[in-house]
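A.B. asks: Listed here are the chains, written in short residue letters.
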Amino acid sequence: MIRSLPNSRSYTIGFKVFIAAYFVFLFAPLVVTMVLAFNDSMFPALPWQGFTLDWFVGRGPKKIGIFHDASNLRSIRTSIRVALAVASLSTVVGTLAAFLFEQEDFRFKTALYFLMIAPLVIPGVILGISILLFANTVGLFLETHLGFDMQLLSPGFWLVVLGQFSFITTIVTLVVMARLRKFDRTLEEAAYNLGANRFEVIWYITLKYLRPSIVGGFAVGFLMSFENFNTTIFLVGSRATLPINLYLQVRDGSTPVINAISFLLIVVTSVLAVTTLYSRSATKES
Amino acid sequence: MMTSKKRKVRWGFFVFFVPVFLWLFFLIVLPQIELLRMSLVGTDYYGDSGFTLRHYGAFFSEPIYWLTFVRTAGYALLVTFVVITIALPVAFYITKVVRPRASGLLLIFILIPFWVSELVRVYGWMILLRESGVLNHFLTGVGLLDKPVEMLYNDVTMVMGLVYTTMLFMIVPIIGVMESLDDSLIEAAHDLGAGKITIWRTIIIPYCMPGIMSGSIIVFMLVLGSYLTPNLMGGKNSLWFTEQIYNQMIVYFNWNQGAAFGFLLLLLSSAIIWAALKVTGQDWKKVIT
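Top line first, the protein sequences correspond to chains A and B. Going by the working numbering, the first residue of the first sequence is number 1, and it counts up by one from there. Going by the working numbering, the first residue of the second sequence is number 1, and it counts up by one from there.
Source of the hints: derived by calculation from the structure; they are not laboratory data. Ideal Cβ positions, reconstructed from N, Cα and C, are used throughout, including at glycine. Careful: at least some of the hints might be erroneous.
Computed list of lysine-lysine pairs in DSS-like fashion (alpha-carbon distance at most 30 Å, straight line) [unchecked claim]:
1. B:Lys96 with B:Lys196
2. A:Lys109 with A:Lys208
3. B:Lys96 with A:Lys16
4. A:Lys109 with B:Lys278
5. A:Lys182 with B:Lys96
6. B:Lys196 with A:Lys16
DEER-style ranges, computed between Cβ atoms [claimed, not checked]:
7. A:Lys16 with B:Asp183: 14 to 24 Å
8. B:Ser61 with A:Asp40: 48 to 58 Å
9. B:Thr85 with A:Glu104: 17 to 27 Å
10. A:Ala21 with B:Phe13: 46 to 56 Å
11. A:Pro47 with B:Leu77: 40 to 50 Å
12. A:Gly50 with B:Phe26: 51 to 61 Å
13. A:Ser71 with B:Pro89: 36 to 46 Å
14. B:Val29 with A:Glu104: 12 to 22 Å
15. A:Met42 with B:Arg201: 51 to 61 Å
16. B:Leu77 with A:Phe148: 46 to 56 Å
17. A:Pro47 with B:Phe26: 49 to 59 Å
18. B:Asn247 with A:Asn197: 54 to 64 Å
With the C-beta cut set under 10 Å, the calculated list includes, among others, these residues of chain B facing chain A [what the hints assert, rightly or not]:
19. Phe13
20. Phe17
21. Glu34
22. Val82
23. Ile94
24. Val116
25. Val122
26. Val134
27. Gly143
28. Leu145
29. Ile186
30. Glu187
31. Gly225
32. Leu266
Using the sequences and the accompanying hints, generate a full structural model.
C.D. replies: Below, the structure written as structure tokens:
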């Protein structure tokens, strides 16, 4: 059953086969996608027609690789800008929230805490439409009563950022809180005794201690923003982010250029994920 | 002296409090209220807008709407159960069976696919399963199939896709709880003659319940709110409720109807989570943290 207990041979083998099947299930779609990015064919399908890099560097006219695909490149740039904005905002507010819930006491703290958790259990679609409706109403009100047009509140870059920020901040808060909870507060007291004020204590001591989780929170926020679809679809303006652009292409039939983009996404996110996990486990041990 | 110190502390409090409050109030609370308001407002024949229950009426009188709703909720429950039954043995293998050194590596391998965008994962399944897909190519090549079969666009495939996309959110919380399960409990049960099923039923599953619950809530929510997987892998004539919302908001531009559907989805998700916590007697705060 477990390591320390004797097991029958068939049980051990059966379990191993199950786990192996699970990992095949887990990686089959990713491996197939990545391999077909190099197939010299007009369709993302077998048979194998030879190795090519055309879907990365091809200049056309038949095969336009990702590095020359203007529409996809533009959506990648949009996604990076959105993700940077969301990750930065979420990291700042999420860290403040972690301090608020870990180090402060106030009335209705539990209620506010539940409210902070709520975005995790509200479906992303609903966050998207509710923020769209609210922004629209506020924008309309400002236009009719005060007479100015807030571009910020119509679908587009900033509305996407706000929509993603609304739930990614919760994730960052939880990541930072988890580490702040383990912080030895006698270190703060020592600093106070040596004459530091609250600001100095936080800046020189607590934030230094929190740095791995803040960096981790930023990375998680960036990735979540970069791949978000459900909330973004309702808030996006004329400039599509990458997931939305990809969705439209996949829905209406696709060429292996999608495989090339997927290849790059899988490689980059894996590297980012492994570095985050590795650095987190390294700091855990120290 | 005391008062000046106290004022300083309050100042620090507001630096933390104000941004957090602005975030939650303007991006969570007010939009949900606006969602409810919009769902209750409509224009009549004369173009005057006012209070109406029409959009909720449409939901109950049109079978396509509430059937989609019931179907979505049913499938979300089904997916959650399938995910639990797969996640438990996988988590058990990683925490209790495999050598400790290997378990960290296995966990990283489990995590990697879930960092990749949902769209890429669904796309992978599409090129694997569709009529001209890789699996059909192999099966016809080997001779198991005479001609390619369309394996995409049906409910079984859709459920599998949803299981695939949400798996991790069950495995991680279960591993978190299972790690602290004392091996000697299982050894003691084994020594007293308990079989594997008894050990699972009376020791492992009850012990892992907090992890299973928090995993279930997240998986259920993700399935309920998912759009890409049902849209791209499901059958053409079987809608998901989020697709109804999408159609109302984007295709028909009927925001009031879309708001009503959105609010119903919000109610459904909250109700089922609440019921699940009540039935299993779990503390909501413990599950969340």
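A.B. asks: Indicate, hint by hint, whether the structure satisfies it.
C.D. replies: Evaluated hints:
For the proposed pair Lys96 (chain B) and Lys196 (chain B), the alpha carbon gap of about 14 Å is at most 30 Å, so the pair holds. For the hint pairing Lys109 (chain A) with Lys208 (chain A), the CA-to-CA distance comes to about 26 Å; that is within 30 Å, so the pair holds. Our distance criterion of 30 Å between C-alpha atoms is met by Lys96 (chain B) and Lys16 (chain A), whose separation comes to about 13 Å. For the hint linking Lys109 (chain A) to Lys278 (chain B), the alpha-carbon distance of about 23 Å falls within 30 Å, and the restraint holds.
Between Lys182 (chain A) and Lys96 (chain B) the alpha-carbon distance is near 26 Å, which keeps this suggested pair within the 30 Å criterion. A C-alpha spacing of about 17 Å is found between Lys196 (chain B) and Lys16 (chain A), which places the hinted pair at or below 30 Å, so the restraint holds. For Lys16 (chain A) paired with Asp183 (chain B), a C-beta distance near 20 Å keeps the hint of 14 to 24 Å intact. Range check, Ser61 (chain B) to Asp40 (chain A): Cβ separation about 55 Å, and the 48 to 58 Å hint holds.
Between Thr85 (chain B) and Glu104 (chain A) the C-beta distance comes to about 42 Å, which lies outside the given range of 17 to 27 Å. For Ala21 (chain A) and Phe13 (chain B), the hinted distance range of 46 to 56 Å is satisfied, since their beta carbons lie about 54 Å from each other. Look at Pro47 (chain A) against Leu77 (chain B): about 41 Å separates their beta carbons, and that is inside 40 to 50 Å. Between Gly50 (chain A) and Phe26 (chain B) the CB atoms are about 56 Å apart, so this pair conforms to the stated range of 51 to 61 Å.
The given range of 36 to 46 Å is respected by Ser71 (chain A) and Pro89 (chain B), whose C-beta atoms sit roughly 44 Å from each other. Distance hint check: the CB atoms of Val29 (chain B) and Glu104 (chain A) are about 20 Å apart, consistent with the given range 12 to 22 Å. Roughly 54 Å separates the CB atoms of Met42 (chain A) and Arg201 (chain B), a value that falls within the hinted 51 to 61 Å. At about 49 Å, the beta-carbon gap between Leu77 (chain B) and Phe148 (chain A) stays in the expected band of 46 to 56 Å.
A C-beta distance of roughly 55 Å is found between Pro47 (chain A) and Phe26 (chain B), which places it inside the suggested range of 49 to 59 Å. About 57 Å separates the C-beta atoms of Asn247 (chain B) and Asn197 (chain A), a value consistent with the hinted range of 54 to 64 Å. Interface hint status for Phe13 (chain B): upheld, as the beta-carbon distance to the closest one in chain A is roughly 5 Å, under 10 Å. Given hint, Phe17 (chain B) at the interface with chain A, holds; its Cβ is 6 Å from that chain's nearest Cβ, closer than 10 Å.
Checking Glu34 (chain B) against chain A by beta carbon gives a least distance of about 4 Å; that is within 10 Å, so the hint holds. Interface hint at Val82 (chain B): violated, since its Cβ lies 12 Å from the closest Cβ of chain A, which is beyond the 10 Å cut-off. Interface restraint check: Ile94 (chain B) against chain A, minimum CB-CB distance 9 Å, threshold 10 Å, status holds. Checking Val116 (chain B) against chain A by beta carbon gives a least distance of about 5 Å; that is within 10 Å, so the hint holds.
Annotation: Val122 (chain B) was flagged as interfacial toward chain A, and the flag holds, the nearest CB pair being 8 Å apart, inside 10 Å. A distance limit of 10 Å between C-beta atoms decides the matter here; for Val134 (chain B) the minimum to chain A is near 5 Å, and the interface restraint holds. Residue-level restraint check for Gly143 (chain B) is violated (minimum Cβ-Cβ distance to chain A is 16 Å; threshold 10 Å). The closest approach between the C-beta of Leu145 (chain B) and any C-beta of chain A is roughly 14 Å, which is over the 10 Å cut-off, so the hint fails.
Interface restraint check: Ile186 (chain B) against chain A, minimum CB-CB distance 6 Å, threshold 10 Å, status holds. With its C-beta approaching chain A no nearer than about 6 Å, Glu187 (chain B) sits inside the 10 Å limit, and its interface hint holds. Evaluation of the Gly225 (chain B) hint against chain A yields a held restraint, the C-beta minimum of about 3 Å falling below 10 Å. Satisfaction of the interface hint for Leu266 (chain B) is found here, the shortest Cβ-Cβ separation to chain A being roughly 5 Å, below the 10 Å cut-off.
Of the numbered hints listed earlier, those contradicted by the structure are 9, 22, 27 and 28.
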